[in-house]
Amino acid sequence: MTNMEKYIEAFTTSLEIDASQLEGLEYQGVTQWDSVGHMSLIAALEEAFDIMIDVDDILDLSSFEKGKEVLSKYGVELS
Amino acid sequence: MVWNLANYKENVAVIDETGKEYTYLTLSEKSDEIASQVKSGRSLIFCLCQNEIGSLAGYLGFLNHQIVPVLLDAHLNRELLGFLLDTYKPDYLWVPVTMSGEFTNCTTEYEVLDYTLLKTKYTHAYALHEDLALLLTTSGSTGSPKFVRQTYKNIIANIESIVEYLELDATERPITTLQMNYTYGLSIINTHMWVGASIILTKKTLMQKEFWDQFKAYEATSFGGVPYTYEMLERLRFFRMNLPSLRTMTQAGGKLLPESHRRFAEYAADTGRHFVVMYGQTEATARMSYLPWQKSLEKYGSVGVAIPGGKFSIIDVDGNEVSEPEVTGELVYEGTNVTMGYATCGEDLGKGDEWHGRLFTGDMAKFDSDGYYYITGRKKRFLKIFGSRVNLDEAEQLVKSAYRGVDCACSGVDDKMYVFITDGRKTEEIRRFLAEKMNFHSSAFEVMHIDTIPRNDAGKVLYNKLGKYFQK
Numbered sequence: 001m002t003n004m005e006k007y008i009e010a011f012t013t014s015l016e017i018d019a020s021q022l023e024g025l026e027y028q029g030v031t032q033w034d035s036v037g038h039m040s041l042i043a044a045l046e047e048a049f050d051i052m053i054d055v056d057d058i059l060d061l062s063s064f065e066k067g068k069e070v071l072s073k074y075g076v077e078l079s
Numbered sequence: 080m081v082w083n084l085a086n087y088k089e090n091v092a093v094i095d096e097t098g099k100e101y102t103y104l105t106l107s108e109k110s111d112e113i114a115s116q117v118k119s120g121r122s123l124i125f126c127l128c129q130n131e132i133g134s135l136a137g138y139l140g141f142l143n144h145q146i147v148p149v150l151l152d153a154h155l156n157r158e159l160l161g162f163l164l165d166t167y168k169p170d171y172l173w174v175p176v177t178m179s180g181e182f183t184n185c186t187t188e189y190e191v192l193d194y195t196l197l198k199t200k201y202t203h204a205y206a207l208h209e210d211l212a213l214l215l216t217t218s219g220s221t222g223s224p225k226f227v228r229q230t231y232k233n234i235i236a237n238i239e240s241i242v243e244y245l246e247l248d249a250t251e252r253p254i255t256t257l258q259m260n261y262t263y264g265l266s267i268i269n270t271h272m273w274v275g276a277s278i279i280l281t282k283k284t285l286m287q288k289e290f291w292d293q294f295k296a297y298e299a300t301s302f303g304g305v306p307y308t309y310e311m312l313e314r315l316r317f318f319r320m321n322l323p324s325l326r327t328m329t330q331a332g333g334k335l336l337p338e339s340h341r342r343f344a345e346y347a348a349d350t351g352r353h354f355v356v357m358y359g360q361t362e363a364t365a366r367m368s369y370l371p372w373q374k375s376l377e378k379y380g381s382v383g384v385a386i387p388g389g390k391f392s393i394i395d396v397d398g399n400e401v402s403e404p405e406v407t408g409e410l411v412y413e414g415t416n417v418t419m420g421y422a423t424c425g426e427d428l429g430k431g432d433e434w435h436g437r438l439f440t441g442d443m444a445k446f447d448s449d450g451y452y453y454i455t456g457r458k459k460r461f462l463k464i465f466g467s468r469v470n471l472d473e474a475e476q477l478v479k480s481a482y483r484g485v486d487c488a489c490s491g492v493d494d495k496m497y498v499f500i501t502d503g504r505k506t507e508e509i510r511r512f513l514a515e516k517m518n519f520h521s522s523a524f525e526v527m528h529i530d531t532i533p534r535n536d537a538g539k540v541l542y543n544k545l546g547k548y549f550q551k
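As they're listed, the protein sequences go chains W and Z.
Per the working numbering, the first sequence runs over residues 1 to 79.
Per the working numbering, the second sequence runs over residues 80 to 551.
Hint data in this document are derived by calculation from the structure and do not stem from the laboratory.
Backbone N, C-alpha and C fix where the C-beta goes; we use that ideal spot for every residue, glycine too.
Fair warning: there could be bad hints in the mix.
Partial list, derived from the structure: chain W residues whose beta carbon lies under 8 angstroms from chain Z [what the hints assert, rightly or not]:
id: 1; residue: V30
id: 2; residue: Q32
id: 3; residue: S35
id: 4; residue: M39
id: 5; residue: S40
id: 6; residue: I58
id: 7; residue: L59
id: 8; residue: D60
id: 9; residue: F64
Here are some chain W residues the structure puts well away from chain Z; computed CB gaps all over 10 angstroms [stated by the list, open to error]:
id: 10; residue: N3
id: 11; residue: K6
id: 12; residue: I8
id: 13; residue: Q21
id: 14; residue: L25
id: 15; residue: D34
id: 16; residue: E47
id: 17; residue: K68
id: 18; residue: E77
If you anchor each label on the Cβ, the simulated ranges turn out as follows [unchecked claim]:
id: 19; chain 1: W; residue 1: T2; chain 2: Z; residue 2: R341; range: 22 to 32 angstroms
id: 20; chain 1: W; residue 1: S63; chain 2: Z; residue 2: K495; range: 42 to 52 angstroms
id: 21; chain 1: W; residue 1: D18; chain 2: Z; residue 2: R157; range: 40 to 50 angstroms
id: 22; chain 1: W; residue 1: E9; chain 2: Z; residue 2: S119; range: 46 to 56 angstroms
When you get a sec, could you build the whole thing from the sequences and use the hints?
Quick look at the structure:
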């Protein structure tokens with residue numbers, strides 16, 4: 001699985017949405033992405049890429065696109 | 080009148096997300112103005128609440144002018160909202176402007192502060208008892224039309240008591256972390272409006288940078304949280320955050336893990352702050368007990384002692400009062416803040432006091448030799464999901480009525496409901512159905528397929544036989 005596929009899967013499984021909804025998706029953009037969903041998303045990303053995400057980055061990860069920037073700080077290349 | 084807002088004149092009452100400040104004088108004028116638009120006088124109004132100035136101003140105005148609000152989450156499932164509207168037939172709706180278009184059979188009366196006053200087709204459909212001030216849900220999320228009937232006396236008594244034991248004054252600046260339609264969130268608003276403090280109103284959550292930016296920029300002095308809030312705070316390494324303005328953290332809405340209670344109590348003791356664990360129910364307006372911050376570490380795991388003006392007792396299975404420490408029984412509370420009772424239909428709004436100041440909490444508890452109370456379990460079948468009470472029998476009914484032919488039993492632990500069903504093809508669908516209906520993240524539900532629901536000869540579900548599926 002490519003990094004991008006893993007990234008997408010972390011979103012679709014923790015937020016229980018379809019991959020087609022991810023483009024442009026922001027925090028609270030779907031009911032499942034609430035604070036509880038955010039916790040499970042962070043856990044899913046940490047597990048998928050075997051990283052520990054800092055608090056500032058947890059709070060910064062406010063959209064599907066923004067998450068890519070955040071992960072690049074941890075050496076995860078998504079393109 | 081409950082609050083004399085104009086008394087605090089130029090004090091800042093509210094700071095919104097953008098940093099805009101509203102003085103008590105402004106809030107007083109706006110709230111009076113909103114209430115004056117309700118032409119049918121003392122009547123019933125549904126408020127779709129958000130942590131916004133319009134929502135707050137309407138609530139304060141209605142309560143101050145004997146208009147009886149029902150406070151609901153603005154994002155309440157629309158099918159459930161429709162059912163509540165049919166059941167109670169309110170005269171008016173107070174809704175965010177962005178939602179007013181949904182209510183096509185109502186007429187717009189007035190708009191202010193991004194909220195709209197809508198007139199329904201009903202006028203005085205049901206008589207309102209003269210003492211009735213406010214209606215709140217206990218577990219609105221399961222679609223039950225059950226409201227708690229609170230009086231003006233209840234609200235004022237609870238405010239005065241909370242203000243006394245938390246020693247609140249006009250220098251406080253709480254930041255909202257809870258919904259205002261939720262009894263605990265509302266009690267924070269009620270008490271701080273009473274003392275002339277400034278409330279930082281935000282819809283942002285702990286998981287957003289903007290929340291913490293607002294916290295720091297507007298110098299929040301306190302916040303409240305349910306157990307799940309504290310779990311998230313630990314995940315956010317809260318103990319390492321630099322929050323110089325913070326003075327007090329309160330916790331209610333369910334039992335915090337004793338270990339977590341201890342960690343927050345230690346943090347508070349080390350940093351010169353107060354951590355106050357409390358206990359309450361909507362049936363008692365909001366609060367029944369608190370653990371004084373000085374005892375937070377020594378008595379961690381305890382809900383403390385009854386609030387000023389209240390009294391606890393423990394009643395054993397035979398109905399006798401327990402006088403010995405460490406003996407478990409049902410927790411009973413007495414005080415002026417015990418509400419009048421429930422309403423389940425429009426006619427109930429005319430009922431008077433049914434509980435007479437004495438509440439059987441449905442929680443099992445004991446006290447230690449120093450008189451501090453500990454909640455040990457529950458008598459009734461409900462769970463707390465992220466701080467909100469969910470009745471398990473009602474959840475079963477919800478599944479059974481939507482899925483004919485599927486047998487269902489609900490059990491579980493706080494923050495995780497286990498739903499047992501007899502149709503293996505429907506587990507995922509039912510999980511999503513419950514999450515959507517009850518408006519909780521779906522991780523709160525685990526749906527498991529079993530061949531048959533265990534029952535006794537009389538047909539009663541044997542819930543203790545289901546425990547093996549989820550108890551470690």
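Do the hints match the structure? See the list:
Evaluation of the W:V30 hint against chain Z yields a violated restraint, the C-beta minimum of about 11 angstroms exceeding 8 angstroms. Hint on W:Q32 holds. Least Cβ distance to chain Z is approximately 6 angstroms, under the 8 angstroms limit. A least Cβ separation of about 4 angstroms between W:S35 and chain Z falls short of the 8 angstroms threshold, and the interface hint therefore holds. The criterion of a C-beta within 8 angstroms of any C-beta in chain Z is met by W:M39, whose closest approach is roughly 6 angstroms, and the hint holds.
Interface hint status for W:S40: upheld, as the beta-carbon distance to the closest one in chain Z is roughly 6 angstroms, under 8 angstroms. Given hint, W:I58 at the interface with chain Z, holds; its Cβ is 7 angstroms from that chain's nearest Cβ, closer than 8 angstroms. For the restraint placing W:L59 at the interface with chain Z, the shortest Cβ-Cβ distance is roughly 4 angstroms, inside the 8 angstroms limit, so the hint holds. Interface hint at W:D60: satisfied, since its Cβ lies 6 angstroms from the closest Cβ of chain Z, which is below the 8 angstroms cut-off.
For W:F64, the suggested interface contact is broken, since its CB lies about 15 angstroms from the closest CB of chain Z, more than 8 angstroms. With a cut of 10 angstroms on Cβ distances, W:N3 stays outside the contact zone with chain Z, its closest approach being about 24 angstroms. Remark: the non-interface label on W:K6 is consistent with the geometry, its nearest Cβ contact in chain Z lying 20 angstroms away (cut-off 10 angstroms). The Cβ of W:I8 sits about 19 angstroms from the closest Cβ of chain Z, beyond the 10 angstroms cut-off, so the non-interface label holds.
The claim that W:Q21 is not at the interface with chain Z holds, since no C-beta of that chain comes within 10 angstroms of its own (minimum 14 angstroms). With a closest Cβ-Cβ approach of about 15 angstroms to chain Z, W:L25 is found to remain outside the 10 angstroms limit, as its non-interface label requires. Consistency note on W:D34: stated as away from chain Z, yet its beta-carbon is not over 10 angstroms from all of that chain's, at 6 angstroms minimum. Once the 10 angstroms rule is applied to beta carbons, W:E47 is consistent with being away from chain Z; the minimum gap is 14 angstroms.
Taking the minimum C-beta to C-beta distance to chain Z, about 17 angstroms, the non-interface status of W:K68 holds against the 10 angstroms cut. With a closest Cβ-Cβ approach of about 24 angstroms to chain Z, W:E77 is found to remain outside the 10 angstroms limit, as its non-interface label requires. A hinted range of 22 to 32 angstroms is violated for the C-beta pair W:T2 and Z:R341, which are about 44 angstroms apart. The hinted range of 42 to 52 angstroms is not satisfied by W:S63 and Z:K495, whose Cβ atoms lie roughly 28 angstroms apart.
At roughly 22 angstroms, the beta-carbon separation of W:D18 and Z:R157 lies outside the given 40 to 50 angstroms, and the hint is violated. Between W:E9 and Z:S119, the C-beta spacing of about 55 angstroms keeps the proposed range 46 to 56 angstroms intact.
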